[in-house]
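**Student:** Read off the chains here:
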Amino acid sequence: MEHVEERAAGLAARRSRVQYAASLAVAVLYFGFMALFSFDQPLLGRVLASGLTLSILLGFVVIVGACAVSLLYVAWLHRVHDRALNGSRRS
Amino acid sequence: MTLPILLFLLFVASTLGITAWAARRTRSADQFLSAGGGISAWQNGFALAGDYLSAGALLGIAGLITRHGFDGLIYSLGWVAGWPILLFLVAEPLRRLGKYSFADVLAARLRSAPVRLATAASSIIVILLYLIAQMVAAGSLVQMLFGIGYRPAVMVVGGVMLVYVLFGGMLATTWVQIIKAALLLGGGVVLALLVLHRFEMNPLALFAAAAHRFGDQVLQPGDKVAGSGWDAMSLSVGLMFGTVGMPHVLMRVFTVRSAAQARNSVLYATCLIGFFHSLVFIIGFGAMVLVGPDAVAASGGGGNMAAPLLARMVGGELFFSFISAVSFATMLAVVAGLTITGAATLSHDCWTAVVRRGRAGEREQLGVARIATVAIAVLATALGVLFQNQNVAFTAGLAFAVAASANFPALLLAILWRRFTTWGAVAGIVAGASSSVVLILLSPTVQIDILGHAAADLAGRWWFVPLRNPALISLPLSLLASVAVSLLTPEPDGQARFASLRRQVLFGASSE
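Protein sequence lines, in the order shown, are assigned to chains A and B.
Number 72 in our numbering belongs to position 72 of the first sequence; there are no gaps in the numbering.
Number 1104 in our numbering belongs to position 104 of the second sequence; there are no gaps in the numbering.
Treat the hints with care, as some may be off.
What the hints assert, rightly or not - Okay, the calculated bits of chain B under chain A, using three or more residues with CB under 8 Å as the criterion:
#, segment
1, 1056-1068
2, 1215-1221
3, 1233-1243
4, 1379-1386
5, 1419-1429
Claimed, not checked - Label pairs and their in silico Cβ distance ranges:
#, chain 1, residue 1, chain 2, residue 2, range
6, B, Ile-1148, A, Phe-60, 38 to 44 Å
7, A, Leu-72, B, Val-1374, 26 to 32 Å
8, A, Glu-6, B, Ser-1040, 32 to 38 Å
9, A, Val-28, B, Gly-1037, 33 to 39 Å
10, B, Gly-1037, A, Leu-72, 25 to 31 Å
11, B, Gly-1215, A, Val-28, 29 to 35 Å
12, A, Leu-57, B, Arg-1213, 17 to 23 Å
13, A, Leu-48, B, Ser-1040, 38 to 44 Å
14, A, Ala-75, B, Leu-1487, 35 to 41 Å
Rather than coming from a laboratory, the hints here were simulated on the basis of the structure.
Don't be surprised by glycine CBs; every beta carbon is placed ideally from N, CA and C.
Throw the hints in and build the complete structure from the sequences for me.
**Tutor:** Here it is as structure tokens:
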């Protein structure tokens, strides 16, 4: 019984770490962009190609990145975490 | 002007049909307030997007981009970036521990009455402020799109919304959101494709054309929309965490069967909302190049006509009518979602849990929820008429600021922090809500834009707050108050319950 408890606690701790890491990734992405927007507009305004500035490129990186981290997180929960959790409940 | 009205009536007729169907399935408080938990993850993903994508997302942001270029994207980014945080930290614990409102999560480990009253007060403030913004926007837009008066427009929105919510409850409201989200996304895709068709299907060619005509600065960041420096940072804090604290968004996680489905539905909503905001960026630049900022500004409504005018230009009168009707349907759906959330807060948190101490029967709960629905619908319509000339951005911004500063910190600490206490929660909510209101009253938004004081006069006053967006100060203030008061008022019972709730959050998954 104690063995199961320990494994559950381990799974819970691992899940918390993943949650915090994913939150941090999105926060760094978004607030990093907003910090550039707020405090270094010349850098963000650099023209990279005809019709493309760094601000437009990074703006879309924020949107796509937010969706990508969310997708990875949910995929991890379904494929790794929930399976391990079910395994530990059965044992 | 008859075609948009006909299309809108078609939308109303079909959604009323759904309401009649839903009304036959709505007999209990559970069905009324959470559709009995019978909504699927995909349906709820669309409904979340429907609840969240207000008219501001299409009309407002497209108008901002048409006028100011890149800066319009700043609101989009904040509205998208909050969703992953909702997914990672809040959605699943909320689904496992709650029933009808996010106050359930706080009440599960803290003393029920004080935390429910505090969260109910801040939620009702957020809902009413956001309702005012939506009603006023609906009224003024309908004036332009359909040529009917402001008051009749607000009353039509209030009346139709009341029918959806009162008779069809959460089930009808959800289906209204799903249909509206599908129409809005479909309309956005077609509009963006029609624009890109003129630029070899290459967004960069569109942006290059905009830069060629209006200068490179339309592709570069500026300070017209979001301000700059700390004000822009404060706005971003408010948008991101306000999203996580919006009661009508949080309430939707209770409509699905399990925590795993709640997680999936928030993921789908995140991707749909991110995709839609990318479309709006193209639509805004399309209106800039094809319609022109001057023509959009000349049509009135503070630039809100950019997307409908663009639709007329690239798709003709029928498409203009479609986009106009979808915009109106959007407001209708958002106010319905807000109203049912307000009804849940009043009936579940205030009446059933606090006044009746959980002893209210099923019929009584349903009856109170319906009375609350009527009260909120009447109040929303009256406020919409009363605030006709109010600055909509101000009330919507205030709603996000209070949600970010009062609701979000309390919810986060309830889920994550073992030593959080009842009085810590109450102190944090009160500090967050009151400081965000006071800071906005002392900000340039009220002092300069509304009261008309001169900026030079205000600069030297000790009480003047130069930030337009209070979240950068009010959110940390709320956290600080929560932590300080929690440490001063230890609650051993709450800590014990926290341990068992953590187990419930972890192990709920496989038992569902």
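**Student:** Against each hint, give a clear statement of whether it holds in the structure.
**Tutor:** Hints, verified against the model:
no.: 1; hint: 1056-1068; result: violated (count 0)
no.: 2; hint: 1215-1221; result: holds (count 5)
no.: 3; hint: 1233-1243; result: holds (count 3)
no.: 4; hint: 1379-1386; result: violated (count 0)
no.: 5; hint: 1419-1429; result: violated (count 0)
no.: 6; hint: Ile-1148(B) <-> Phe-60(A): 38 to 44 Å; result: holds, 39 Å
no.: 7; hint: Leu-72(A) <-> Val-1374(B): 26 to 32 Å; result: violated, 45 Å
no.: 8; hint: Glu-6(A) <-> Ser-1040(B): 32 to 38 Å; result: holds, 36 Å
no.: 9; hint: Val-28(A) <-> Gly-1037(B): 33 to 39 Å; result: holds, 35 Å
no.: 10; hint: Gly-1037(B) <-> Leu-72(A): 25 to 31 Å; result: holds, 27 Å
no.: 11; hint: Gly-1215(B) <-> Val-28(A): 29 to 35 Å; result: holds, 32 Å
no.: 12; hint: Leu-57(A) <-> Arg-1213(B): 17 to 23 Å; result: holds, 21 Å
no.: 13; hint: Leu-48(A) <-> Ser-1040(B): 38 to 44 Å; result: holds, 42 Å
no.: 14; hint: Ala-75(A) <-> Leu-1487(B): 35 to 41 Å; result: holds, 39 Å
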